[in-house]
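Protein sequence lines, in the order shown, are assigned to chains A and B. Position 165 of the first sequence, counted from 1, bears residue number 165 in our numbering, the numbering being contiguous throughout. Position 154 of the second sequence, counted from 1, bears residue number 154 in our numbering, the numbering being contiguous throughout.
Do not rely on the hints blindly, as some may be mistaken.
What the hints assert, rightly or not - Pair ranges (Cβ atoms, derived): (1) A:L66 / B:G34: 19 to 29 Å; (2) A:K4 / B:S129: 24 to 34 Å; (3) B:A80 / A:E120: 47 to 57 Å; (4) B:V6 / A:G68: 37 to 47 Å; (5) A:E120 / B:L66: 42 to 52 Å; (6) A:A148 / B:A117: 17 to 27 Å; (7) A:M1 / B:G155: 23 to 33 Å; (8) A:L66 / B:V139: 40 to 50 Å; (9) B:H163 / A:A162: 46 to 56 Å; (10) B:V139 / A:A140: 27 to 37 Å.
Worth flagging that the hints you see were computed from the coordinates, not collected in a lab. No residue lacks a Cβ here, since even glycine has one placed at the ideal position from N, Cα and C.
Protein chains: 2
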Amino acid sequence: MDEKTVNTVKKARDRLLATAKTLHMAVWFEDDTGGHLEQGQAPFIRQDGHIYIYSSQLSAHIRGILAGGETSFLLIEDEATAQNIWARKRIKFSARIEEISRDDARFEGVCDAIGTAHGEVMQLIREFSDFHLFKISPVAGVLVTGFAAAYQVKGEHFELIAHLRSS
Amino acid sequence: MDEKTVNTVKKARDRLLATAKTLHMAVWFEDDTGGHLEQGQAPFIRQDGHIYIYSSQLSAHIRGILAGGETSFLLIEDEATAQNIWARKRIKFSARIEEISRDDARFEGVCDAIGTAHGEVMQLIREFSDFHLFKISPVAGVLVTGFAAAYQVKGEHFELIAHLRSS
């Protein structure tokens with residue numbers, strides 16, 4: 001990759017990270033009744049490369065995460081602002097997932113930050129015991145910035161690794 | 001559900017169906033190397049309740065669909081237009097999937113319609129042999145129209161069945 005391409009791609013990545021409000025999750029998990037494929041999304045905040053969500057186990061995909069299922073994450077620009085609807089800018093990634101319990105020293109501070117970012121609903125749901133706080137640390141993924149423009153990324157800051165032929 | 005609620009929910013559903021431009025897919029499939037969880041999205045058109053996409057097998061989720069993997073679909077409103085970022089309006093559903101081959105009598109007409117809806121890229125990719133045309137016929141799903149407002153839906157027209165306690 002030449003330096004100009006690298007700079008353009010990094011700029012697109014950083015804009016997506018700065019503007020995206022919700023995190024998509026696809027989850028595969030198995031239980032006594034068989035395998036289950038679920039998906040959902042949640043508002044998130046990002047601090048030092050770690051992504052935090054606060055979601056209810058009433059949603060099947062959260063039950064899947066709690067059960068240790070395999071999870072694929074996605075950040076994606078809105079349809080309305082996509083320059084090319086055939087190649088919406090996005091990052092698809094795997095991650096380490098840690099639940100932060102209510103008695104953890106970090107719990108209150110992260111919940112405060114989510115409330116600041118995403119509004120008053122947080123005050124309503126903060127005490128609901130069916131909600132769980134998760135710390136999501138990106139490991140590896142694919143960044144798409146346009147048609148035939150897919151890049152391998154790595155780590156919590158989605159460091160650019162290589163141009164890909166397929167995604 | 002009272003009639004007023006039903007009408008409000010139907011209106012939200014129909015607006016989402018009329019405005020959404022891309023279809024999200026989560027796919028689980030297995031091959032010689034193990035199980036794979038993938039996700040992606042594609043511009044779609046909808047005709048008589050059937051959804052059509054034209055996508056490349058260079059994307060792993062399309063290879064998963066071609067391999068007969070389990071697939072979960074999602075239509076979702078943009079973040080920017082969501083009244084409540086904690087409960088973006090969406091329909092998550094299962095579907096029957098049929099590939100329409102290039103020599104099928106329907107192929108040209110559907111590709112024309114996708115081109116009309118989603119622009120000139122279609123002319124570029126129409127002859128690319130790694131692209132496949134799929135007919136997706138919704139079977140059952142969950143419609144979310146707001147916080148604690150999830151509804152069971154059924155069939156190609158996402159007929160409203162029941163209010164749900166969880167999604």
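Quick rundown of the hints versus the structure:
1. A:L66 / B:G34: 19 to 29 Å: holds (23 Å)
2. A:K4 / B:S129: 24 to 34 Å: holds (32 Å)
3. B:A80 / A:E120: 47 to 57 Å: Since B:A80 and A:E120 have Cβ atoms about 19 Å apart, the given range 47 to 57 Å is violated.
4. B:V6 / A:G68: 37 to 47 Å: With Cβ atoms ~39 Å apart, the hint holds.
5. A:E120 / B:L66: 42 to 52 Å: Cβ of A:E120 to Cβ of B:L66: about 45 Å, so the range 42 to 52 Å holds.
6. A:A148 / B:A117: 17 to 27 Å: holds (21 Å)
7. A:M1 / B:G155: 23 to 33 Å: violated (47 Å)
8. A:L66 / B:V139: 40 to 50 Å: violated (27 Å)
9. B:H163 / A:A162: 46 to 56 Å: Because 48 Å falls inside the window, the suggested range holds.
10. B:V139 / A:A140: 27 to 37 Å: holds (34 Å)
Hint check: violations occur at hints 3, 7, 8; the rest are consistent with the structure.
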